[in-house]
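*Asks:* Chain order of the listed sequences is A and B. Heads up: the first sequence runs through residues 1 to 350, numbered per the numbering used here. Heads up: the second sequence runs through residues 1001 to 1235, numbered per the numbering used here.
It should be emphasised that the hints constitute simulated quantities derived from the structure, not laboratory data. Idealized CB from N, CA, C, for every residue including glycine. It cannot be assumed that every hint is accurate.
To be verified - Examples of chain B residues lying across from chain A (beta carbon under 7 Å, computed):
#: 1; residue: Thr1051
#: 2; residue: His1115
#: 3; residue: Leu1152
#: 4; residue: Ser1205
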Amino acid sequence: MYEHNGDRYFVVDSHMHYWNAAPDNWVPGAEQYAKGWIECFYAYMGLGPPETHWSIEKFMKYSEDDLMKDVFEDGHVDVAVFQPTYLTEWYKEGFNTTERNATMGQRHPGKFIYNTRWDPRDGEEGLRQLRHNVETYGSKGVKLYTAEWRQGSRGWKLSDPETYKYLDACQDLGIVNIHVHKGPTIWPLDKDAFDHADVDHAATDFPDLNFIVEHAGIPRIDDFCFMATQEPNVYAGLSVVIGGLMHARPNFFAKVMGELAFWVGEDKMTFGSDYGIWEPKWQIEGFVDWDYPDTEAFADYPRITTASKKKMLGLNAAKLYGIEVPEECRLPEDRGTPAASDDARLVSGA
Amino acid sequence: MILASAQDRVLAALEAVRDPELDEPITRLGFVSSCTISAEGDVQVRLRLPTYFCAPNFAFLMVADAHDVVSALDGVRSAQIVLEEHFASEAINAGVASRAGFARSFPGEAQDELHQLRSDFVRKAVLAGTDVVCRSLLSEGTDPSALASMTLGEAPPSPDRERLRARRAELGLPVDDASPLVVDPATGYAVGGDDLPLHLRRAQSTRVGVEANTGICRGMLRHRYESAGLGEENR
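Please work from the sequences and hints to get the whole structure.
*Replies:* As structure tokens, this is what we get:
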């Protein structure tokens, strides 16, 4: 919980990691990708305040103690959602797997939610594994990484028929939250690989699942907004939005928040620190203090109030994951319903 | 080529090469890491990008465009463009050098050349540029409903207006002063009064998206490379 000026913020970090990207985990023959990947992540850390930067050695492999201190002790987070990223083509034990996350998290009861993942290219075996992970770790969400390379196949789409079998399975198994990273699937290479049309199709066909598009579709925020505004079950994950822009590019950050508040709405925006790319502490404290610059360029955007921030920092994600929120952190009923699916502004009414 | 001014000429030519997605010259973005020119006119330009995994299709376009503008300069005997430290460097550099085209440089992974991709992003540039021009009109007191009947020539002369005109020209959209100020970039027709508010709202979002991407890319490039690129601005 974060308390500031008498207001209490219940914080759910809905997008964070516990990875091992050190050389001991690199797949022989794929070293350049394993190294290139973590160095690419490391460049993102450069967008945060300098005093929060780590050495590349710590960044490649931080410890359980580092995480507990940075996220909970110093970082104000009440509950954190592990989002796995496997990348087993490049990392021997995976980059951060459900199992690695849960092995660590089980030593800290009540602190973590273990999301799992699937990949439609895994067929029947993947469905069995998904069932196993849900039974073992109680997963209520998945992180999907459509850009992941696999034996020559360079990515997949949410609208693929094979994917629909997995989405059906999610509904049967009680998984409700589908976190999607719209990365640059590399095939076919001649198209714009960040297309969001597949999220649109899947969200329409699976109205009982919530689709949380991480990084709010960066680098296609505009396309994401035009899609999300038409789908009541599409949410904007704020990972990278706050971490990557609030400090480094405050003016653009204000505009992006304004666009998201306008098209997607404050009930459908969820905080995620993207730890270990960035620590949550400066993001949460900075965001609670944040407001639009006081100039005409921002006058038309919906206001982001203390109540809005309470929703974005925790109440929306708590609703999506069924996390009990302490009485003193809840909002009065007249301040709207966190995670309400009817908040989207239909294009025709804009 | 006279060496003292030769590099300036090459850099001036590279000003015409844009990152298709960010709609800015690769020089100003800091993507040109070095440029060497021999007495005989053999030019080597080395390019760098914000990350190892930047989209290879956009990277290919920038390398190929750089090759074209440098090769076309008077006094250049050969032009070699080298993309550094990118997962697809080898395929891109070899493909551009042999003028293989995109699809042949990535056999099995691409079906077409990149014209469609490029024009998709020029359409975004037209939308973003429309927001820039219209926003300044509105802040100077123009009534929003008047925008639908205004012409391009009625917008005050400015670099932003000429940039919008240039992007429209690339798509074959109307560009003369008598053409409508706000056109649908897909069709070239004027956007009518009823559709205008939503059109401008989308134009604004497109501009915010492009600007946010540019901000992230510049920040990551700075973190990846300590020294400024040739012609880099605002480091």
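*Asks:* Determine for every hint whether it applies to the structure shown.
*Replies:* Hint-by-hint comparison with the structure:
| no. | hint | result |
| --- | --- | --- |
| 1 | Thr1051 | holds, 4 Å |
| 2 | His1115 | violated, 9 Å |
| 3 | Leu1152 | violated, 23 Å |
| 4 | Ser1205 | holds, 4 Å |
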